Each structure stands twice: as C-alpha cells, then as structure tokens.
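Same order as they appear, the protein sequences are chains A and B.
Residues in the first sequence are numbered from 129 upward in steps of one, following this note's numbering.
Residues in the second sequence are numbered from 32 upward in steps of one, following this note's numbering.
By construction, these hints were calculated from the structure, which means they are not laboratory data.
Source: prediction; values computed, not measured.
Any given hint might turn out to be false.
[Claimed, not checked] Beta-carbon label-pair distances, calculated as ranges:
{"#": "1", "chain 1": "A", "residue 1": "T346", "chain 2": "B", "residue 2": "M32", "range": "48 to 58 Å"}
{"#": "2", "chain 1": "B", "residue 1": "P69", "chain 2": "A", "residue 2": "P336", "range": "50 to 60 Å"}
{"#": "3", "chain 1": "A", "residue 1": "G214", "chain 2": "B", "residue 2": "K144", "range": "40 to 50 Å"}
[To be verified] Calculated pairs, DSS-like style, for lysine-lysine (alpha carbon to alpha carbon, straight line, at most 27 Å):
{"#": "4", "chain 1": "B", "residue 1": "K60", "chain 2": "B", "residue 2": "K103"}
{"#": "5", "chain 1": "B", "residue 1": "K108", "chain 2": "B", "residue 2": "K127"}
{"#": "6", "chain 1": "B", "residue 1": "K245", "chain 2": "B", "residue 2": "K89"}
{"#": "7", "chain 1": "B", "residue 1": "K52", "chain 2": "B", "residue 2": "K272"}
{"#": "8", "chain 1": "A", "residue 1": "K268", "chain 2": "B", "residue 2": "K251"}
{"#": "9", "chain 1": "B", "residue 1": "K60", "chain 2": "A", "residue 2": "K268"}
{"#": "10", "chain 1": "B", "residue 1": "K103", "chain 2": "B", "residue 2": "K89"}
{"#": "11", "chain 1": "A", "residue 1": "K268", "chain 2": "B", "residue 2": "K103"}
{"#": "12", "chain 1": "B", "residue 1": "K144", "chain 2": "B", "residue 2": "K127"}
{"#": "13", "chain 1": "B", "residue 1": "K52", "chain 2": "B", "residue 2": "K89"}
{"#": "14", "chain 1": "B", "residue 1": "K52", "chain 2": "B", "residue 2": "K127"}
{"#": "15", "chain 1": "B", "residue 1": "K157", "chain 2": "B", "residue 2": "K144"}
{"#": "16", "chain 1": "B", "residue 1": "K144", "chain 2": "A", "residue 2": "K268"}
{"#": "17", "chain 1": "B", "residue 1": "K251", "chain 2": "B", "residue 2": "K272"}
{"#": "18", "chain 1": "B", "residue 1": "K127", "chain 2": "A", "residue 2": "K268"}
{"#": "19", "chain 1": "A", "residue 1": "K291", "chain 2": "A", "residue 2": "K339"}
{"#": "20", "chain 1": "B", "residue 1": "K60", "chain 2": "B", "residue 2": "K144"}
{"#": "21", "chain 1": "A", "residue 1": "K348", "chain 2": "B", "residue 2": "K127"}
Glycine residues also receive a C-beta, built at the ideal position from the N, C-alpha and C atoms.
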Amino acid sequence: MQESQGLFEILILIMTRGLPTALALTFLSLLIGFLVGIGLALMRVYGPIELRWISSGYEKIFRGIPLLVLLFIFAIGLLRLFLWTGSLFNALFTASIFALALRSAAYQSEIFRGAIMSVDPGQMMAARSLGMTDYQATRKIILPQALRLSVPGWTNEYAVVIKDTSLVSAIGVPELIYHGMAFSWTYPALFLGIITVTSIIYFLFTYPVTKYVGESMTSKLRSLGLGGGR
Amino acid sequence: MVAVLEVRDIWKAYDTLEVLKGISFDVQKGEVKVIFGPSGSGKSTLLRVINMLTPPDKGEVFLCGQSLMDSKADLCKLRTRIGFVFQNFNLFAHLKAIDNVSIGPRLVLGMTKEEANDAAHRALEKVHMSNWSHHYPAQLSGGQQQRVGIARSIAMNPEVILFDEPTSALDPELIGEVLQVMLDLAQEGTTMVVVTHEMGFARAVSSEMIFMDKGVVVEKGTPQHFFQDAQSERAKHFLRKLEVLYGQSETEKT
C-alpha cells in the first residue's frame, strides 16, 4: 500500500515535470522542421540546380546521422552557441530542439516533396493559363493541395518525433524518460511500474492523434478527389 | 484591324520528334476556328504554344499585335487575355466551383472579393452552373466540371478562348451540355480556337476549319468546303473515318 501510494505520487511528479518538456520539444521541433522542410521541398522541386543540390545534400546528411549523434553534436560540441539562452537548461533544451528539428526537416522535406509532385501537373498548367505567376500558383494552388496530401504521411513523422524526444534524456534534458530514470535509480523496485506508465503516456499521445488525424484527412481527401483511394 | 491572334511559322520538337513544322494562321475578332486532325498531329501542342505553356522552338505568336515571345512582354498579363479550356478540365481540386472561377479575377486581375464573386456568379450563370457553385470539382460530373472550366475562362473576360478537345474526356451523354454552352458563346461573338472532333459543332459555328496532320496544316477552309469539297486525300480520309465513328448524321446535321 505504502509503495503503490509512492508510485502514484512519483508518476504524478514525472508527468507534471516531464510531460510539458516532452510536448514542448515535440511541438517546437515539428514546427521548425515543418518550415525548414517546406523550404527544402520547394527548393528541391522548383529551385535551380544549385538549390536542388543543397536541398538533396541536406536531406542525405541529416537522414544519415543517428539522432543521438546529432544531440551530442549540438548539446556538447556546440553548446557554447546556445549559452545566450541564459541557463544550462535553456541551452540544452534549445540544442535539443535544433537537433530534433533539423533532422525532422529532412524527413518532412521528403514528405512534402512527394506531396508536391503528386499534385496533378494540370493544376499548375491551369494556374499559369489564368495568368498566375509561378509564386501565386505555388502558394494558392499547389501548396494547399500538397499540404492536404501530406497530412497522412505527416502524422507518421509526428509519431516518430514525439517518441524520439525521449533520446534527449541522454544529454540531460529533464523530460519524461529523464525523470523516470532518475526516480528508478532511487527506487529500483518501481522501475517496471514507472517505465510501463511512461510508455502508456507516449502511446496515448501517439495512437489516437495519428488515427484521428489520419482518418479524418483521408476521408476529406477522398471527398476532394485527391489521393486517398479515388 | 489587327487580328486577335497571329500565329507565325511555329516549330516545336520534343527531342528528335518534330511535333509542329511551320504552322501559321490568324484569328480575327469574333471568329471561331476549329482545328482537327488525327491524334498525334500536334493540335494540343499548338494550343499550348499559343499561350506559351509550351514555348515553341521557333516562330512567333501575337495577341492583338503584341508578341508573346518578346522578352520584355509580361507573359502573365498576356495570358490573362487568353482563356484556356482543358481536355481534363483541370479545375482546382481544393476549391469550390465558385472559388475556381473567382480566383483568377481576384488574384490576377486584382478585383475585390465582391467584384470577383459577382464576375464568377455571372460566368457560372452563363454555363448554367449557378446551382452548383458550392460544390467541389470531385462532386460534379465531367460535363459540369467542364462547364465550370469554361466559366473560369470567361470570368477573366479574355480576348480569345482556346479549347483543347473540351469534350473528349466526357461520357457521350454529357457532351451535349458542354457543346451547347460553347455554341452559345460562339453565337455571342466570342473569339474561339477549338480543337475538336465534333463536326456538328464545327459545321454550326466555325468560320474556318484547319485540318492538321503530322505537324503541318494540310488544308484550310469553311465547313462547307470540307464537307462537300475537301481537296486533300488525308482530309477526306480522316473525315470519312469520323463519319464511320460518329455516324453520317453527326456530320450531316447542323
């Protein structure tokens, strides 16, 4: 009884201290990865050869390095660059976001590139025939469709990133796993309970989201006649 | 008077395949030109060359005396004055019918939202699609989509509309509604260049027909000329084949 009471309190502590950090890492990494990824995808599809080369090189590099190594590079090797944030926690947190976001950008760029290229070429032709500039056509016609098409693939990236935030515990950013492990060192008997509940938390933030967003978007796409099994 | 369109000695090759080999013709205001010929004769490429969706290797296109090839010309601005109706409609899939039609006037012609919506409503009314303005393209039949496609062109109030086989992707029972809209437009004096095999349409409204084969203009003439007195063997042969395909009545009726 005493022990289960302790476990419950510990879990609450892990949740209140670790979950906001994990979610903030996920949200900010995906957001920055989204913006950089869109840029990379546009460079790759529409850019001149130099930009295409840069974009594809970026993707190859950031998809070819383990996230843990990226975290070490940013949080240990380049930590000085992040000390302007004021505290060690902030510096590590920012460095983690850089590593997560830049890696996610490489994968998101692939998702958006595929989506842009799967928009019917006739759409661009029609936009041009109305006298739209390529910029207008991309912004008003191609991207809105490409973004819708990319949502199902994008939920997969969300599922990857939210779980990969657990890796930042390795450089000492106190998120869910970091707190979980810290308590486990103190109370080894609770390890299985802690790790099980932590897993359930990740699951709850992953499965329902991907299922709901994926399904609602797939049916929306179908009603627009865009992909999703016409 | 300056011709609405002047097409001068257009050449176009894809790699080693010569698609267009020196095509020239003029389109005067109010004229309806019908271009026909076997598949692979370069008709669709020719239309896409006219508004520079496919720039030619050689030759020149003038819109009301202004060259579209001129490096100083604002191509986007010139394109607003040339409507284009596609074989596969190419409606913007993420936009409702009304927005498909109003986006051009709003985004490209710089109208306010209200003005653009008014223009779009008028255009949709003309093609009898007012009741469908809030449907997405995927919710419309092919014939309805093509009529929205025509509305999208006329809402820009262009000098000339190019039609690239507008009924070829349609089920037979849907062709009539699209042709009717095109007939109405022609009778209002809209300047049109139409690539089509609908000989009934050609006979009813075209001022001149152009028969193309293997990248060249083989024969030009009025519908009467073609149906009674075609000169070239290739044109006669092709018209006979259309007759077999669509039946005598199609080429006979007006």
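Structure-based check of each hint:
no.: 1; hint: T346(A) with M32(B): 48 to 58 Å; result: holds, 56 Å
no.: 2; hint: P69(B) with P336(A): 50 to 60 Å; result: holds, 58 Å
no.: 3; hint: G214(A) with K144(B): 40 to 50 Å; result: holds, 46 Å
no.: 4; hint: K60(B) with K103(B); result: holds, 25 Å
no.: 5; hint: K108(B) with K127(B); result: holds, 25 Å
no.: 6; hint: K245(B) with K89(B); result: holds, 17 Å
no.: 7; hint: K52(B) with K272(B); result: holds, 24 Å
no.: 8; hint: K268(A) with K251(B); result: violated, 41 Å
no.: 9; hint: K60(B) with K268(A); result: violated, 33 Å
no.: 10; hint: K103(B) with K89(B); result: holds, 18 Å
no.: 11; hint: K268(A) with K103(B); result: holds, 26 Å
no.: 12; hint: K144(B) with K127(B); result: holds, 15 Å
no.: 13; hint: K52(B) with K89(B); result: holds, 9 Å
no.: 14; hint: K52(B) with K127(B); result: violated, 40 Å
no.: 15; hint: K157(B) with K144(B); result: holds, 20 Å
no.: 16; hint: K144(B) with K268(A); result: holds, 15 Å
no.: 17; hint: K251(B) with K272(B); result: holds, 18 Å
no.: 18; hint: K127(B) with K268(A); result: holds, 13 Å
no.: 19; hint: K291(A) with K339(A); result: holds, 16 Å
no.: 20; hint: K60(B) with K144(B); result: violated, 30 Å
no.: 21; hint: K348(A) with K127(B); result: holds, 14 Å
The structure fails to meet hints 8, 9, 14, 20 from the earlier list, while all remaining hints are met.
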